[in-house]
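Undergrad: Take the sequences, apply the hints, and build the full model.
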Amino acid sequence: MTSIQRSELPFLSVAELGRLIRTGEVSPVEATEAFLERIDRIDGQVNSYITVCREEARQAAREAEQAIAAGQYRGPLHGIPVAVKDQFDTAGIRTTYGSALEWDHVPNEDAVVVAKLKEAGAVLLGKLNLSEFALGESFHHPAGQPRNPWDLSRNPGISSSGSAAATAAFLCASALAEDTGGSTRIPAAWSGLTGLRPTWGLVSRRGVAGVSWSMDTVGPITHSAEDCALTFQAIAGHDPQDPYSWSGPVPDYARELQGGVDGMRVGVLREKVAEGGLEPQVRQVIESAVAQLGELGATVQEVSIPIVENAGAVSKCITDMDGAAVHYERLKTRIAEYDHNTRVRLLTAILTPAQALYKAQKVRTLIRQAVLEALDEVDVIVLPTSPTGAPLLPTEAGIKSQDDARSRISGVRNFTGAFNVANLPALSIPCGFTEDNLPLSLQIVGKPMADGLLMRVAHAYQQVTDWHSRRPPLGD
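In terms of UniProt numbering, the sequence shown is residues 1 to 476.
Do not rely on the hints blindly, as some may be mistaken.
[To be verified] Below, a list of computed lysine to aspartate or glutamate pairs in the EDC-like style, where the Cα atoms sit at most 20 Å apart:
1) K447 to D252
2) K118 to E33
3) K118 to E65
4) K362 to E377
5) K332 to E102
6) K118 to D239
7) K118 to D43
8) K447 to E337
9) K362 to D252
10) K118 to D262
11) K447 to E279
In case anyone wonders, no lab produced these hints; they're calculated from the structure.
TA: Next up, the structure:
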């Protein structure tokens, strides 16, 4: 057995822990118990879990240990303790979707992504906290307010708040999240993690509570690009029962990490960097990250896509009106049971004129065309994931003013929205910290199916920086 103490196992990467499990130096049972002990000790501070599946996890760990000992090793996730957003169905395990309306709901089947994790041999530790029905901006969380491990007074991200908080606090080795308007990338950005919004359709959404059928995506939140590739490998692939699923073989994403960025063309998005209204410390961090890519051999140039300034409004209009359609019938009879912010958001969408959705869809097409044209000139586009570090948690529900309403549309969503409306892959990685020790992030965007390329760029960057390996000052 390894000389690493059990209490240190949660701090190992998926890749490192997987190697120890494969060689028999660490058992899946030992790793699972280490995470469960840490959850019991730490999660009361961050409220990342809604349901911890202790006995199910222990049984899965025992089965993984027996299978590996029998020579039936399934791959790099075999025996790795993971967790998933409570937006994903789990057979026989409560799935609440973050809402009191579904607090006692127990599905009969696993979501496809959960089934795929199990097929890869991963150990499911539990279900993670989120904004109600993954809509974002909930004020009341039935399982408690998720908190950011870097500063417990701050937001770990929306709507995949628990996925980020649990991973950042080392309460799971990696987590699955869901990104409609930025809900994998934003939590990763605010919590100092690596988060992938995959190419739309590359991961099945069957068994995932939907918000917007044309933008919902499932992706991993991890500590590094390497861990992201290993986790993503397990869940990507065609689902013949998901009509929006891409067909075709799944690349070897771990292999695609290699090669570096020498000779790669990196486009810096003018509207979000030079003209993005960034605070000086944020702009300096982003420029340093871009310069680092240049030192690694990339050719850096500026690109301009003026229409992205409309992306936040377009994204929110389509998402909210799609979400209102999903919840329309239940709103008729159970409206008072929704969180205040969720209720106001859905009712506003119901009352929004159809002309607004029509215009948003037209602008969406123009945004996609413009971004793809820019990607004909460069291999990837880079920009901040968020213009700031994690904000303070809200102290009261509702929208306070027109400026508050405007900021919800043109703030962080305006940095992520262009790529979900364009259905493109986008990856967020940590690239520095504010003066208050809050993580800052770089977003990397590519053409459809360029997910492996994005992780390759991130991996090259993370080989020469240590932002992704820093630990939050969470009292253990």
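Undergrad: Now, for every hint given, state plainly whether the structure supports it.
TA: The hints, checked one at a time:
For the suggested pair K447 and D252, the alpha carbons sit about 18 Å apart, so the restraint of at most 20 Å is met. Proposed proximity of K118 and E33 is supported: the alpha carbons are some 18 Å apart, at most 20 Å. Only pairs whose Cα atoms come within 20 Å are accepted, and K118 paired with E65 is accepted, the gap being roughly 14 Å. A threshold of 20 Å between alpha carbons decides the hint, and for K362 with E377 the separation of about 24 Å lies outside it, so the pair is violated.
A hinted pair counts as satisfied when its Cα atoms are at most 20 Å apart, and K332 with E102 qualifies at roughly 16 Å. For the hint pairing K118 with D239, the CA-to-CA distance comes to about 16 Å; that is within 20 Å, so the pair holds. Only pairs whose Cα atoms come within 20 Å are accepted, and K118 paired with D43 is rejected, the gap being roughly 24 Å. As the CA atoms of K447 and E337 are separated by approximately 41 Å, the hinted pair breaks the 20 Å bound.
Restraint check for K362 and D252: not satisfied, since their Cα atoms lie roughly 36 Å apart, outside the 20 Å limit. With a C-alpha separation of about 37 Å, the suggested pairing of K118 with D262 is violated against the 20 Å cut-off. Distance check on the hinted pair: K447 and E279 sit about 29 Å apart at the alpha-carbon level, beyond 20 Å; violated.
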